[in-house]
Amino acid sequence: MGFVLQGLDKSDYDREYGDRELLRRITSYFKPYSGSMILIGLGISLAALAGALVPLYISRTLDTLKEGIDFNQIYFLVGLIMGFTILNFGLNAVRQILTARTVQNAVVDLREEVFDALLERDMSFFDSQPTGRLASRTVNDTNDYGQVITLSVNLLGQLVTVVFVLYILWNTSVKLTVLVMIFAPIVVIVALSFRKIARKVALGSQRILAKVNALIQETTSGIYIAKSFRVEDTIYDEFDEMNEQSYDVNLRRGLVFNSIFPILTMLTGVGNAMIVYYGGLSILNENVFLARLVAFIPGGELTIGNWFLFLQGLTLFFFPLISIASFWSQFQQGLAASERVFSLIDAENSVVQYDNVKLDEHKGEIKFDNVTFAYKESENVLENFNLHINAGEKLAIVGHTGAGKSTLAKLIQRYYEFQDGEITIDGHNIRSLDLDHYRKQLSIISQDVFLWNESIRDNLLYGIDETDDIEERLQAVLSEVSALDWIERLPNGLDTMVGERGAALSMGQRQLIAFARILLRDPTILIMDEATASLDPFSDLLVQRATNRILEDRTSIVIAHRLSTIKHADRIIVMANGEIIESGTHDELMQAGGHYSDLYDTYFRHQSLEYIEKFAESSD
Amino acid sequence: MATVQQSEYTPRRDYKTNRSSPLRWIMSHVSRHWFLFLLVVIFTILNSIFSSTVPQLIGQAFDLFKDNKLGIEDLSSISLQVLLFGVGAGVVQLFRSWSTEFISQRMEKETRDELYSSLLRKSLTFHDKQKIGDLMTRATGDVRQINFMMNPGFNLVFQSIVGIIVPITFMAMINVQLVIIPVIYIIVFLFVLKRYRDKQAPWTMKVRSAASTTQSRLNETISGMYVVRGSSEEDTERQIFNKNINEYKEAQVKLGEIQAKYWPILILGVATSLGFLHGIILVNSGVITVGQLITFVLLFQLLRFPTFINVFAITVLTLGVTAAGRILELIEGESEIDLNPEGYSNTIEGKIEFRDVTFSYNENTPVLNNISFEVNPGETVALVGMTGAGKTTITKLLSRLYDPDSGDILIDGVDAQDWSIQSLRSQMALVEQDIFLFSKTIKENIMLGNPDATMEDVIEAAKLANAHEFIMETPDGYDSEIGERGTQLSGGQKQRVAIARAIVKRPRILILDDASSAIDSQTEDEINQAIKDVLKGRVSFLITHRIAQIRRADKIILLEQGKIIDIGDHEQLIKSSAKYRELFSIYDDFDEKSVIGGN
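Protein chains in written order, with my numbering: chain A, 1 to 620; chain B, 621 to 1219.
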């Protein structure tokens, strides 16, 4: 009866697509498999029929026992019973296998479509969604989508069973059938009410349990400190409280979930008693009060076999009924999951490309001409923005958070579509460029260096043409960023695996590898968001040197956080509120004593030798 | 290296459990709730008996009817009994399930408690060797497995076993011959069930791993989407994705095929038909009545429950035992440092000497290789080097978390191994890399360093740690609660509270592992001031990246791959060490020549 408990832990989502539209779309994925679907439908109906015939023939057999046992007939009837049993099993097995294959095929089709859609989305799309959520939609929500079909197929089977069983019972005794059908709503109501209660308990406990779990983990990680201060009792108290809470919440949840099966058993017990009593009454044809109640319903005479049939029919009838009752909310969840998947596919791009100009000049001259851009309507981040970056220039951008630094960088990367003005690259309108070709000439280094969970070599060579001299080129770039020494010292050298997101390497090492990759790629334009995490002085030195190295030989735009980077720039622009308010070299700007010198004071002062010397000489 | 295990702490609750094997350990936990367990057994048996009585009653009614002896009183009486036993079966089932749930939840709580208490008793060395992630998994995940092992594991399996024995017994009570076919069925069933489990298990794992591979690779692709596009590697990524989802599909389909061919269902159906036939033969020879035949058929159908048993319930039993094994491993784990309570004990002056110290954590590559240096009382030592150079290891050897493989460590001229650990550690304080503060008031957190501290001591320590000002700006000052339920402190503020906590202890040796990075100059000022002030008046070991701090140190030790490459103060090193000079080469106002050339 586990299905009654399924899907209680998931939360509701907003729905935008209509149910009918969704269903149509979902079924469209199964059109290529309509042959299999028909077979499945047939299979499940026939299986249900065969299953319903088994108790029928058992009851017939029982009836023949009254008139003296004719073994030929008995063998025949028992043979039929066995035959239907085997048929029921066989058909069910076949349709289950067929369903699994068909559903999985349709799911693969959908997943491929989702992946293709992801490859086409604007880059800004990925900014607005957590990575984990996108991956989960592609893998888990598509599973739930498949479940919609499996659920529906099962529902069909159950409906067919219920209809067959009712038909057989009705033809046997209308009166008893009516009684059974009056009982049915009670069972359904119980099942539905249970689901409602259980769902509330499940959702409520989920939140608390997540918190309690986190706290238990925290107190476990704090044992070391607690012991260093000999305060084991203190941390134990904290732990104890959490442990108790976890117990209380889990227990309450468990008690609720464990009640459904017993309650349904009780209901079955009542049902059985009812059949026994009323069945017996029909046989006796007694004029008792309770019999008079239902006297108006036709169907009096009852044989032993029929009596038995009703007892069996009750069970055959109840389980599908409960499953049907649980169907709707699970179905809704499947629809919600499908909707999430479709919304991924349907998302619209805003970045426009109206031509296929391939950027051949490899100069890297960038011009912003009266550009206006807003993420949301009426909230302009950039307004009538102008900037001319020369080919090969090293440009540093500084400013407080929200000044527009990363927006500027993202517009060059074609993450977003701007509303007004023009951006040209090497004289070409950026909207006319073949985006794929353009991106190849662009390299990006973000604060969080990205590495594949593969070897250092594979990371370096990703997407790089492996020419004959590739080994020499590799060695050359690695030594230019001072990475060769320590890589050679690693147990597997260049073939060392870097781990998920580069976890097996230190932060400094990750950055150096990313820098080496830049040199190998040799892009025309480099956009860099300098990392701010602190490294040990030796690694820091290497990274600073390597940073200066990669900024050469191309147009480099750096959102700078290091003093040395700023000092090495050809030009610094100071941004505030989406505008360039100051521009020049470091010395020029410091002399001017404006916004820049404030920024310097806030973010860069402590990186200077002057600060170090002053601190060193300060009195105790 | 002595191996006497002396406990540093006695836990409040002592669990006297049998730890000789995971199974025995689990059973000793179950036996703590022997009464509930007894109830479970009784209720399970009653449940089955009640359920089996209903067919009996129905059979009786049928016989009475057949012999035309069925009167209204008999019918009413039998119907009432069917009602009572039927509903009774459900009621008893409810109590049984609840009792099992109580046991399983209590077991989770108590095994977790036992694990935690035993962890508290282990030495610092033991904890230093653990991976935090591991500990947390054992405390949450593995303990949860033991819970599941009881319910649904034991719950369903025991119910099934009883649910086979009782109906068959009832059948035997009618006539012994009847049990032949059911018993044969059960034997065949058990055999087929085992084969099914063996077939299904690897594919269940394959499905899970295929799903996880697909998702994590996709995660990567999405994270690196810009790189993918920028390198025109879309086709490569597509190929990888397709390969993954097809493997996932194949695994799911294969698992579905195996699950569809769950033979026990078929065998039960066939066996029921054969049993039915057998019963008719017996009716024919007058051994049993038609009513008893009906009882027999209904009893046979009770075997449906064990047949449909969720195979997972069986798997969960073994998973629970494996989890118990992992937990026991932790509980039984030991560490090797002798506390040496009779050892040398005195106020530490602060003369520290490392003589040719070599050390490795796991007998592979040495982390420290023939390290020698001397520190004088009151000096600040800056340990500088890349990750893995050996800086933290030196501090761990100093506090005797470990002992060197060779060489000596002397504190005030006395070998560290001759000191009483209690005496040593009570005069040392550590500010760790990842700050851990309790969810208590700031005052209480600081006082952890010294429970006997007065409010003046606390404020003095906070001032020294440059924390007093920001503390006074919090809603309740020193009485502000921090953590989940209280005020959230920034990383730098947490660090300064931790520094105050260390200082209030008035340690003779301070170890400060400073890994934080400052985004702005003001925070940098505050931290630097705090660190600067607390280093005085004691021997301080500073692991830091901050050049400002390094430059001020009395002794700078440059480490590379476990070896000291240079040692001295700033003035000395700037002249003698090329490596040290290199660190300053990044400042363009650094005049290298003038520094080397003269004064």
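It is worth saying that the hints were derived from the structure and are not from the lab. Some hints here could point you the wrong way.
Listed below are the simulated EDC-like cross-link pairs for lysine to aspartate or glutamate, each with C-alpha atoms no more than 16 Å apart in a straight line [stated by the list, open to error]: (1) K363(A) with E552(A); (2) K1060(B) with E552(A); (3) K614(A) with D1186(B); (4) K869(B) with D240(A); (5) K367(A) with E348(A); (6) K729(B) with D240(A).
Chain A is nowhere near these chain B residues, computed Cβ spacing over 10 Å in every case [said to hold, decoys possible]: (7) W654; (8) Y736; (9) S737; (10) L810; (11) S829; (12) S980; (13) N990; (14) P1024; (15) D1025; (16) G1027; (17) D1035; (18) S1040; (19) F1090; (20) Q1142.
Glycine included, every Cβ here is placed at the ideal spot set by N, Cα and C.
Quick one: work out the minimum CB distance from L810(B) to chain A and report holds if it exceeds 10 Å, violated otherwise.
About 19 Å separates L810(B) from the closest Cβ of chain A, which puts it past 10 Å; holds.
Does the claim that F1090(B) lies off the interface hold, with its Cβ farther than 10 Å from every Cβ of chain A?
The claim holds: F1090(B) sits with its nearest Cβ about 18 Å from chain A, beyond 10 Å.
Verify this label for me: S980(B) is non-interface relative to chain A, using a Cβ-Cβ cutoff of 10 Å.
16 Å, holds
Check on S737(B) being off the interface with chain A, judged by Cβ distance over 10 Å
For S737(B), whose nearest Cβ neighbour in chain A is about 7 Å away, the distance does not exceed 10 Å, so it is violated.
Find the nearest Cβ of chain A to the Cβ of W654(B) and say whether that gap is larger than 10 Å.
19 Å, holds
Check whether the Cα positions of K367(A) and E348(A) lie no farther apart than 16 Å.
27 Å, violated
Any Cβ of chain A at or closer than 10 Å to P1024(B), or is the non-interface label fine?
The claim stands: P1024(B) keeps its Cβ more than 10 Å from every Cβ of chain A (closest is about 21 Å).
Please verify that the nearest CB of chain A lies beyond 10 Å from N990(B)'s CB.
Its Cβ never comes within 10 Å of chain A, the nearest being 19 Å, so this holds.
Below or equal to 16 Å on CA atoms is what counts here, so check K869(B) against D240(A).
Given pair K869(B), D240(A) is violated - Cα atoms ~45 Å apart, limit 16 Å.
D1035(B) remote from chain A - nearest C-beta pair above 10 Å
Holds, since 23 Å exceeds 10 Å.
Hey, does Q1142(B) actually stay past 10 Å from chain A on C-beta?
Nearest chain A Cβ is 7 Å from Q1142(B), so the label is violated.
Run the distance test for K1060(B) versus E552(A): straight-line Cα separation, threshold 16 Å.
53 Å, violated
Of the numbered hints given earlier, the model fails hints 2, 3, 4, 5, 8, 9 and 20; all others are met.
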